[in-house]
Amino acid sequence: MLSFLLRRLMQTVPILVAVAGLIFVLFSVIPGSFESSLMDDGKSMIDEQTVQRIRKELGLDQPVAVRFVRYVGSLATLDLGTSFRTRQPVTTVIAERLWPTLKLALAATLFAVVLGIPLGFLAAMRPGTLIDSASMVVAVSGLSLPKFWLGLLLMYLFALTLGWLPSFGYGNGGISHLILPAIALGVSPLGLLARTTRAAVLDIMNADFVRTARSKGMSEVRVVRWHLARNALVIVLTTVGLQFGSVIGQAVVVEKLFAWPGLGSLLVDSVSLRDIPVVQGCILTLVLFFLVVNLVVDVLAALVDPRIRYT
Amino acid sequence: MLKKLTLAAVLALMALPAEAQTPRPGGTIRFTAAYGSSFSSMDIHATNRTQDEIWAWAIHRRLYSWDTAQNKPVPELMTSVTPSAGGLVHTFKLLDNVYFHHGKKLSTDDVIWTFTRIMDGSKGFPGARYVRNIKGAVEVEKGQAKEIAGLKKIDDLTFEMTLTEKSDPGFMFMAGTTSIYPSDIGGNADYITKPSGLGPFKFVEHIPGSRLVGDKWEKYYKPGKPYADRIVISIMGEAAARDVAFRNKEIDVSILGPTQYVAYRADPELSKNILEVAEVFTRNMGMNPSFKPFADKRVRQAINHAIDTDLIIKRLVKDKAFRATGWLPLTSPAYDKSLQPYAFDQAKAKQLLVDAGYPDGFEFEWTATSNESWGIPIVEAVIPMLAKVGVKVKIKPVEGAVLAETIRKGDFQAYIWSNATGPDPLTAMKCYHSKTPQTACNYVKFANAEVDTLLDEAAATDDAAKRIELIKKANAIVYAEAPIWFFNYNKAVLAYQPWLKGLQANATELALQHYDEMWVDASSPAAK
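Residue numbers (my numbering), protein chains in the order written: chain Z, 1 to 311; chain B, 312 to 839.
Some hints could be false.
In silico BS3-like pairs for lysine-lysine, Cα to Cα no more than 30 Å straight-line [what the hints assert, rightly or not]:
| # | chain 1 | residue 1 | chain 2 | residue 2 |
| --- | --- | --- | --- | --- |
| 1 | Z | K216 | B | K434 |
| 2 | B | K434 | Z | K56 |
| 3 | Z | K147 | B | K629 |
| 4 | B | K505 | Z | K56 |
| 5 | B | K703 | Z | K147 |
| 6 | B | K505 | Z | K103 |
| 7 | B | K629 | Z | K56 |
| 8 | Z | K56 | B | K446 |
| 9 | B | K383 | Z | K56 |
| 10 | Z | K103 | B | K560 |
| 11 | Z | K56 | B | K560 |
Keep in mind that the hints were calculated from the coordinates and are not lab data.
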């Protein structure tokens, strides 16, 4: 297991370097620049001398190749550079936004797991019934609803109409501000989890070992607990892990809508303002998260299913 | 029509919440910053975006501020400003009761230190464009001097400023990028994240991407102000979310876009608390004379005649704009009400094209962003109108940062943008001076000797009335030359809660408010 972990960790390095290179090249060729973004409101004219000084200070007057070498060199020392906008280290800028995003992603995933897995199980246990159909309508709707639109509906219903929850913001970091964005973000993985769980359970229910267990007179509760649930868990766990990773990436829309101070809204703002070091840092952080979550899922899968062995 | 528009603008300025009541102390002002998902920086010298000025108006102060009633800059931190006979030397006498939030008393050292910091050539601070007008500032910027020669300390509260050319320092030093910093911060890196200013509220916290909170500064130099105990500025870039929060009474103000403007006007309750002002922004389509057809004045005039501008303002912009009749907008002191809009006359447009040698029209590329008020939706409405006179359009969609870069570099045939055309009418008109480079604001490379002469005379005269007349004449020539399609002047609209008092129709930017004049009455959910 240890050698597997080390190997997987080593594999993340070339992936991160490739992603860093790709982002660097991409933002070196696309039009638009930081200094131009300072003037995009048509009001804030900056004279050419200042533009040139800004470029010099930020090192943008250097050739792309020189900048790339410096960038990779900095990355090797875990230095993500300095934000063009705030003039703070990128790690500081990202650190301020990391916990809100993680909190939102965790809450959204929890919401999806708590509702999605039972829903899928219920549908699989009663295939072809009204419960099955209703569960799958909920699941498909969750998958297809645009997050922005759903978020607005939630705001309208729970904040404006019922007055139960605040419609926006981070508040003091309490749960009341977290609920609506977490639901808006969690509905899509909920739908996927419900469908995946249903498919996995249905598949296992028709397996020989389940039929054997039943023919031996094992109670339905024991069949479900010992055979269905444990076997379905590996597939479900993999889906949960992948969804947690992608939820962090998908948080952009929800964070912007709910004025949630996370990585997503930071990334969007940084792209439009061409704050390239922050863009690079955000994307690398998101990729790193995805890789780590995948690794954790692989390890957990091995713990759950003894048939899985890593060498 | 023009009379109606002018009247509307005047009414907008007058239709301020007329507070007969006595301001109520206490409570929290819950303001919003609607132009993005975050603030760029807590160092206001490093950013010139309106989004950042929204918080800076709470925490910082500049030498001058904008008087919305008089529509001009007025001294803020001074008891007097005395210009010399030649207009180059100004003697400033600072107020004697101004304190930074960490307790330091304002002195001339702080002003000089601030301007010297802004001129640090290694930083490229945007405010350098203003400070550069002080004699010797450029030398500091280039590293050839350590002190700005044109700033002379006379005593702790008096200093002399020598400018390189005659100009009103008020327009320069009212900019947020010239906010006065305390000289004792030195290299304190914390200052960038926890600013100490002279404003009515002292910094409490900034949650990046969420909000900034400030508490009443007890030693604020205006006795009895600010009225509110606290200000919370929430960052809310999404209009739809802002709308819900406003209706849910979670925020006190909301900047409205065209769609919301229609909905709020139609609502019997919400319509009671809407503040409108003709902002000093002119939306326009710039035509590059390097593209052969646009080098001909008749073609440019034809474009102006071929577009039914009023129809677009009514249907697409939802009347949230005033028809442009010149570069300078309604609220500019040099607005020329005698100028008539280009008539929508496609026959005349066609004839002008024939006269210019384009009987079959031509095709051009139009660079535009997705902005709903001055972007691709507008261009798409214009396309069939131009097609009727034989002019074809190919849209080049770009995002904001790319548009600014494309225009600055002159890499366009036509663009549509919204440009600041104030508050200083001379600065705004100088965008059409031939000596103004394209990289500054003469984006359409306008060159007209008569306009140059008029603007030079306007800059040289001491007679304010004469200056306005000269600027008006220059504006009229530019209008006749039609280097742009004169689309509209922005009508900025702010919805506010009935309990919020003291808002002002700031024509320079409605989202920038004098927080020290604002107060909340007892009906506010945040009254305590």
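Right, here's what the structure says about each hint:
1. Of the supplied pair hints, the one linking K216/Z and K434/B is violated, its CA atoms being roughly 80 Å apart against a limit of 30 Å.
2. Only pairs whose Cα atoms come within 30 Å are accepted, and K434/B paired with K56/Z is accepted, the gap being roughly 9 Å.
3. Taken as a hint, the K147/Z and K629/B pair is honoured in the structure, with Cα atoms around 28 Å apart against an allowance of 30 Å.
4. With a C-alpha separation of about 27 Å, the suggested pairing of K505/B with K56/Z holds against the 30 Å cut-off.
5. Distance hint between K703/B and K147/Z is unfulfilled; the C-alpha atoms sit about 38 Å from each other, more than 30 Å.
6. With a C-alpha separation of about 25 Å, the suggested pair K505/B and K103/Z falls inside the 30 Å cut-off, and the hint holds.
7. For the hint linking K629/B to K56/Z, the alpha-carbon distance of about 44 Å lies beyond 30 Å, and the restraint is violated.
8. Restraint check: the Cα-Cα separation between K56/Z and K446/B comes to about 24 Å, which is no more than 30 Å; the hinted pair holds.
9. Pair hint K383/B plus K56/Z does not hold up; C-alpha atoms about 36 Å apart against a cutoff of 30 Å.
10. Between K103/Z and K560/B the alpha-carbon distance is near 27 Å, which keeps this suggested pair within the 30 Å criterion.
11. Under the criterion of a C-alpha separation no larger than 30 Å, the hint pairing K56/Z with K560/B is inconsistent with the structure, at around 47 Å.
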